[in-house]
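Generate coordinates for the entire structure from the input sequences, incorporating the hints supplied.
Using this note's numbering, the first residue of the sequence shown is number 627, and each one after it goes up by one.
Rather than coming from a laboratory, the hints here were simulated on the basis of the structure. Ideal Cβ placement from N, Cα and C applies to all residues, glycine included. One or more of the hints may lead you astray.
Cβ-Cβ distance ranges computed for the label pairs, FRET-style [as the list claims (entries may be wrong)]: (1) R726 - A678: 16 to 24 Å; (2) W741 - T830: 19 to 27 Å; (3) K668 - R769: 25 to 33 Å.
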Amino acid sequence: MTAHHHASHAHAPAHAEPNPDLSPTEYWEQRYSGSERVWSGKVNATMASVVAELSPGTAIDLGCGEGGDVLWLAEQGWTALGLDISATAVGRARDEAAARGLDGASFEAVDLDAWEPEPASVDLVTASFFQSNVALDRITILRRAAAAIRSGGHLVIVSHAAPPSWATDHPARMVGAEEDVAQLALPDDAWEVRIAEDRPRAATAPDGSAGEHLDAVLVLLNCSTSK
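Here is the structure:
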């Protein structure tokens with residue numbers, strides 16, 4: 627799955643509505659097989675600015691696409707695993723990791739709707755633009771991911787809070803940071819909200835004029851007692 631300008635995650639840019647007869651796997655394979663490369667390969671800058679303040683450890687990136695965020699994490703000293711439904715995207719991510727000699731970056735093709743992570747097994751879970759044009763039980767997946775985070779670890783979610791300023795449609799899948807907090811409904815005694823903000827980000831519209839994106843940035847700390 628994927629979305630955005632770099633190499634990640636599950637919300638695709640505006641284009642023709644997906645064929646309702648396609649499964650999520652078929653949809654994303656079609657998206658990736660249609661071109662040599664879909665995204666730029668660059669890390670999500672908003673995610674990077676947050677994670678740069680954390681000490682490296684083990685990480686999982688949900689809907690990693692062609693691996694931009696995972697590759698950056700590995701370059702910062704993290705041991706990072708990227709998960710995506712598209713085998714084509716995962717193959718490209720693995721090739722790029724090998725080309726850069728990044729042993730700390732690994733990737734798996736997996737249906738996240740059926741994914742069951744090991745509890746308390748990682749220090750960080752990231753999800754950049756983890757929003758989908760096709761069926762995706764996003765909140766359930768994020769709750770499962772939260773269960774994989776050790777005490778003292780973080781859940782970092784960057785989402786589209788609104789369409790680009792030049793867009794004429796307003797998809798229902800857009801979600802603000804406070805709405806994400808409410809929908810996740812993680813226990814208050816185990817999770818501390820460190821950041822929950824909708825942040826504007828300068829962008830260039832297709833016609834070359836100045837525009838703006840609105841990113842929902844959510845950072846949660848697992849403050850539960852270690853067992």
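Do the hints match the structure? See the list:
no., hint, verdict
1, R726 - A678: 16 to 24 Å, "19 Å, holds"
2, W741 - T830: 19 to 27 Å, "36 Å, violated"
3, K668 - R769: 25 to 33 Å, "29 Å, holds"
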